[in-house]
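Undergrad: Sequence:
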Amino acid sequence: MQVVHGKTGWIEVICGPMFSGKSEELIKRIRRAQIARRRVQIFKHGIDARYDATSIVSHSQQSLPGIALTHVTDILDLVDDRTELVAIDEGQFFGPEIVEVTNKLANQGRRVIVAGLDLDYRGEPFGPMPQLLCSAEYVTKQLAICMVCGDPANFTQRLSESTAQVLVGAQETYEARCRRHFEPPAGA
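Heads up: take any position in the sequence shown, counting from 1, add 6, and you land on this note's numbering.
Just the calculated beta-carbon pair ranges, DEER-fashion:
| id | residue 1 | residue 2 | range |
| --- | --- | --- | --- |
| 1 | Pro158 | Glu130 | 17 to 25 Å |
| 2 | Ala192 | Arg38 | 42 to 50 Å |
| 3 | His187 | Pro131 | 15 to 23 Å |
| 4 | Gly115 | Gln40 | 14 to 22 Å |
| 5 | Thr79 | Lys34 | 26 to 34 Å |
| 6 | Glu130 | Lys13 | 35 to 43 Å |
| 7 | Glu106 | Glu189 | 30 to 38 Å |
These are computed hints drawn from the structure, not numbers from a lab. We put the beta carbon where it would ideally sit given N, CA and C, even for glycine.
Just need the whole structure built from these sequences, with the hints factored in.
TA: Laid out in structure tokens, this is it:
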């Protein structure tokens, strides 16, 4: 990935299904920025308290402290003037305002990294992620491993009967699946 120095801002999106290492990749990029002595602020959606109420945490238990919020526009008030990197986890849970917020931050000369699911459990685009992908300078598509056959997995298979688009869970609720083994719910 090209690194731009100076006041040029940009947006990076890390997307893919559950268990593909999106949060792990986000944490890796944040840690590298911290090593480079960049000023970093970390945010996540408050709905995701699976492992911790405020920290971003990967399924492999890597974590970094952050700020949990439900309105992405709050980031604009919380970002310090000296912040160079704004990291946002679980971007799919925020409304369409995330596109405007991330573009505003990038236009201010900040590096913005958003991690999130690009597809929901039906295999359809998830929330604001399609628009965010279009706004980003850099997109990283992570793949998981299919829990049925071991092939690359692009889909998140829901194991429960819930029809709500948002159902926070982990291994007990979801599996990564390849195209061949993904079973979208009836009517999807």
